[in-house]
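Colleague: With the hints as extra help, turn the sequences into a complete structure.
Chain by chain, the residues:
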Amino acid sequence: MRRTDRPDRTIRRLDRARLMTFVWVVVASAFVTTVPNLLVAQERPRPIVELTASARTKVVKLFGAGGAKGLEAYQTGVLISDEGHVLTAWSHVLDADTVATFLDDGQRYEATLLGYDPRTEIAILKIDAQGLPHFVLDESMRVPEPGELILALTNLYGVATGNEPASVQHGTVTAVRSLEGDRIGGRLPYRGPVIVTDAITSNPGTPGGAIVDASGNLLGLVGKDLKADDADIWLNYALPIAELRRSIDDILAGKLLLAFEEDRPEVSEPMTLELLGMELVPDVVGRTPPFVDRVARGSAAERAGVRPDDLILFVDDRLVASRSQVETVLSRIHRDDLLVLTLQRGTATVTVELEIR
Amino acid sequence: MMRFDRPGNVAIRTICAAGLLFALPASMPIAAQEEFAVLRRAAEQVAPSVVQIETIGGRERVGDLFIAAGPSTGVVVSDRGLIVTSLFSIVHEPTSILVRLPNGNRSPARIVSRDLARNLVLLECPDAAGLPVPIAAPESELQVGQFAVAVGRVHDAERINTSVGIVSALDRVWGKAIQTDAKISPSNYGGALVDLQGRVIGIPVPISPQSEEQLAGFEWYDSGIGFVIPFETILGHLDRWSVKDLRPGKLGVTPKASDNFTEPLEVAAVGRLSPAGVVGLMPGDRIVEIDGRPIRRFPDLKHALGRRYAGETIVGVIERQGERMSFETELAAEIEPFRVAALGIEPAAVSDPAEAGIAGVVVERIDDGGPVAALGINAGDRIVEIAGAAIASTDELATALAPFAPGENVEIGWTAAIDGPAGTIRRGTATLAPLAATLPPPPIETAEVIDPETSCELKELRLEQFPETCDVVVPNRFAPDGSFALVVVVGAPGKVDAEKLRERWGVAAVRDGLIVVAPHSTDERRWQRTDVERIATQIGQAIIDYGIDPRRVAIVGEGPGAALAALIATDASRTVRGLALIGSGLPPGVSLPENEPIRRLSIGLWLATDVADTDPVRQLVKANEERGIAIAAIPSPKPGEPETLREIGRWTQSLDRH
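Top line first, the protein sequences correspond to chains A and B.
Residues 3 to 359, numbered by the numbering used here, are exactly what the first sequence covers, in order.
Residues 178 to 835, numbered by the numbering used here, are exactly what the second sequence covers, in order.
No lab work stands behind these hints: they were computed from the structure.
Just so we're clear, the structure is a prediction, and the values are computed from it rather than from any experiment.
Incorrect hints may have been included.
[Stated by the list, open to error] Derived lysine-lysine pairs resembling DSSO-like cross-links, with alpha carbons at most 30 Å apart:
1. Lys226/A x Lys672/B
2. Lys815/B x Lys799/B
3. Lys226/A x Lys636/B
4. Lys636/B x Lys677/B
5. Lys229/A x Lys636/B
6. Lys636/B x Lys815/B
7. Lys479/B x Lys421/B
8. Lys226/A x Lys257/A
9. Lys229/A x Lys672/B
[To be verified] Selected chain B positions facing chain A (Cβ under 7 Å, derived; list incomplete):
10. Gln356
11. Ser400
12. Asp477
Don't be surprised by glycine CBs; every beta carbon is placed ideally from N, CA and C.
Modeller: Structural data, given as structure tokens:
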């Protein structure tokens with residue numbers, strides 16, 4: 003592969019980005035269903051070496067909870083602003099006060115968790131840095147087509163030790179599909195389409211990794227491991243950035259701030275799940291998403307219309323991501339108070355009010 | 178063909194390799210299809226230098242892996258008939274090696290030498306003289322993202338097999354390897370990864386930055402990750418390599434923190450006769466530069482040394498008390514084993530010494546007749562100084578003792594419990610002893626009968642990233658005060674009978690203060706290599722969950738679980754400090770990690786009385802003792818009976834003795 007030196011690369015990339023946006027506006031408005039993806043591909047693809055060199059500077063390695071104690075907790079993140087915002091997958095790795103974040107040149111930062119969205123299971127971290135290379139989310143607003151070339155940049159298997167940058171894999175988009183109703187996707191609160199790739203990205207350390215298209219734009223975020231237990235098959239997939247955009251904006255806008263319940267006093271006669279008449283899916287790991295398992299007959303939950311398989315997003319104004327967080331928040335609410343639950347039901351969001359009589 | 182412990186893999190791999198060539202082009206522009214034709218031509222160009230290697234005889238099983246000798250691939254490196262291949266090709270120690278020549282003839286080859294740093298072997302096949310040596314792709318020209326084709330000659334002697342990928346990263350595995358997403362597997366180990374011009378980038382091998390085992394990295398085949406050893410490097414070393422084995426160059430320092438994050442890199446111990454020792458490096462020194470590369474953390478040092486062989490000279494810079502000093506030394510293949518020089522004490526348990534807040538190490542028990550017994554130190558006293566330096570924790574005690582050898586004298590300072598917290602420091606000199614591997618004496622106990630069912634709870638340990646869980650036996654009297662030790666039981670694969678686990682281990686758990694964890698296997702029929710990292714992670718979680726003193730963690734292997742237990746203990750030596758095997762010696766193929774002052778692995782073999790007292794066992798114990806490893810064969814009338822488990826419990830509690 004030949005490398006060409008181009009001092010004006012940034013400018014060219016912006017021009018191309020505008021062109022791409024234009025192309026896509028035309029495509030989207032006129033030929034939504036019929037345009038063959040070759041239209042996209044006819045733009046001269048940038049050599050992979052060039053795409054890689056640029057994309058690698060926008061991918062970080064994350065080492066989190068337990069990392070110092072011998073637990074191998076690591077994953078990947080992508081830079082999405084010049085102020086050090088890191089988009090990643092929400093996982094146990096982030097269960098730490100700070101997350102060690104390594105840029106591709108080996109520079110280390112300590113990241114703090116800005117917020118996360120239980121609907122999409124993404125999180126945004128913040129490192130104290132300015133002017134870093136980053137993906138521009140406005141260039142990420144399309145879902146790729148099957149057959150498109152993609153690159154995956156991830157911290158797979160932790161083989162990038164010390165100052166080494168993330169690994170790059172190539173592949174194509176195998177399919178873009180919803181996992182709803184699929185046994186493999188049953189554990190995902192996210193209900194939108196996912197990008198399935200033939201690059202083997204379902205490996206330790208890859209969640210939060212970047213799926214980049216032939217123009218170098220970030221199109222997908224590698225999701226947490228998904229395995230069909232009966233078939234012993236791992237799914238290589240990513241969440242389209244376009245589908246995550248609202249989530250990202252909500253986190254950045256501070257709408258999904260974490261509930262630090264420890265700061266609030268417990269009340270003497272607290273609300274409990276039992277009093278409300280709800281059972282949640284058993285919490286065996288500390289971060290099982292708070293899915294409703296059963297609703298007791300005649301209970302406050304039933305009267306309010308709570309249903310099994312609802313995912314609890316907010317208790318009053320408190321964002322919750324796990325069963326134990328729901329319990330903690332409830333322990334700070336008096337049992338006579340009116341309780342507002344925001345639930346995700348399928349793809350819809352439902353708000354219900356519960357009151358114990 | 179090769180046979181693996183996961184059935185069906187060969188077929189899957191072949192399909193993938195074939196499929197990849199056809200999967201891409203459909204929607205790609207014409208230019209890309211042309212690129213594909215270029216890739217094929219590049220592969221064909223190297224074909225005359227890529228030979229098939231067949232082996233006859235040898236072992237069927239290496240470690241936990243079944244290997245039926247199948248063909249592998251080699252690449253010509255000299256016109257004298259020298260051929261390089263992966264160590265994987267001969268790991269089963271075949272009785273003879275044959276090279277298939279282009280004319281179809283099979284010609285015998287012999288092993289010239291091995292490269293144990295890069296997992297390669299050099300073969301000589303006189304009849305292969307004159308075969309073309311391929312051109313090496315200059316390392317300086319390699320770029321991440323460039324196309325590459327992995328070439329093997331395994332499925333068909335007449336034709337090469339290929340897998341297309343890109344270069345995923347440079348400078349991996351401590352600088353020794355290049356990473357690719359071409360499917361690297363037994364189909365092309367020992368073959369060639371070539372660039373678009375048909376130049377050889379490197380030789381595919383199984384290798385891993387996390388382990389120096391010969392087969393480490395093998396488990397990554399078909400996982401989107403593979404490594405090749407730069408061909409340019411291999412050709413550059415050929416003169417040296419063709420006369421002797423090449424070995425990794427070792428310096429002989431142990432860092433204070435072997436994690437990937439701690440800065441600066443402070444030396445905890447120096448091997449006396451090691452390359453570091455002979456030039457005067459000392460504990461407390463900070464390594465700041467090797468061969469012009471700045472060193473900040475432990476991985477930087479591993480990177481700086483990774484490319485270097487034994488016998489090569491390095492120059493380095495250290496900082497000692499704020500002063501920069503440079504040194505030059507020749508790396509060695511072997512470092513004399515580190516021998517623990519012990520005080521003969523067992524420290525009191527602390528869950529996190531750094532957080533305990535009080536300086537010094539409280540002594541819980543003193544060996545009768547041990548080095549400090551004569552000084553008048555009693556249980557409950559606090560050791561606060563070693564050789565004039567204050568010590569705050571058990572780890573600091575280990576570091577302070579590291580420079581001493583057994584038999585040497587050291588001054589000890591302690592405060593006596595009877596003097597109260599403000600007591601003056603008493604001082605005395607002790608003659609250090611080798612670390613005893615024997616069992617602590619049985620405690621005096623009440624005659625109370627313990628019913629495991631009512632005195633222990635059964636719990637589950639589950640991490641969200643793994644479907645496999647562990648059963649956990651937790652005594653009712655458990656308190657997260659750091660006094661409990663962790664015992665991880667690996668028995669037969671398949672479903673763990675939790676009730677039975679509690680029945681067996683309950684008494685030891687209550688009496689000796691144990692949390693007993695039994696991991697489940699992924700495959701009901703066998704333990705697999707992939708279980709190792711998963712179980713190590715689960716052990717780490719149990720340590721956190723139950724506030725275990727990380728020095729008191731043992732893995733217990735029994736029957737079919739012995740080999741896996743040994744693998745976990747050696748691979749995850751950062752999380753496991755003791756390996757207890759019931760009814761078996763060390764499984765073949767297990768190589769024990771080098772002893773380190775702070776992170777040492779103790780080994781206990783609970784064997785039937787008539788087995789423990791035999792020559793092979795005595796030899797095994799002696800050989801490992803010579804490497805400085807605390808190992809003991811403990812005869813038991815009935816291995817596996819409650820008495821054994823009690824002994825293992827006490828032994829685990831005493832793993833942090835000094």
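Colleague: Next, verify each hint and record whether it holds.
Modeller: Hint by hint, here is what the structure shows:
1. Taking the CA atoms of Lys226/A and Lys672/B, the gap is near 27 Å; set against the 30 Å cutoff, the hint holds.
2. Simply put, Lys815/B and Lys799/B have alpha-carbon atoms about 24 Å apart, close enough for the 30 Å limit, and the pair holds.
3. At most 30 Å may separate the alpha-carbon atoms for a hinted pair to count; Lys226/A and Lys636/B meet this at roughly 26 Å.
4. The straight-line distance between the Cα atoms of Lys636/B and Lys677/B is roughly 13 Å, inside the 30 Å bound, and the hint therefore holds.
5. A threshold of 30 Å between alpha carbons decides the hint, and for Lys229/A with Lys636/B the separation of about 25 Å falls inside it, so the pair holds.
6. Of the supplied pair hints, the one linking Lys636/B and Lys815/B holds, its CA atoms being roughly 29 Å apart against a limit of 30 Å.
7. Distance restraint check for Lys479/B and Lys421/B: the Cα-Cα separation of roughly 24 Å lies within the 30 Å cut-off, and the hinted pair is therefore satisfied.
8. Of the supplied pair hints, the one linking Lys226/A and Lys257/A holds, its CA atoms being roughly 23 Å apart against a limit of 30 Å.
9. This hinted pair checks out: Lys229/A and Lys672/B have alpha carbons roughly 21 Å apart, not beyond 30 Å.
10. A least Cβ separation of about 6 Å between Gln356/B and chain A falls short of the 7 Å threshold, and the interface hint therefore holds.
11. Taking 7 Å as the C-beta cut-off, the interface hint given for Ser400/B holds, the closest approach to chain A being about 6 Å.
12. Evaluation of the Asp477/B hint against chain A yields a held restraint, the C-beta minimum of about 6 Å falling below 7 Å.
Of the hints listed earlier, there is not a single one the structure fails to meet.
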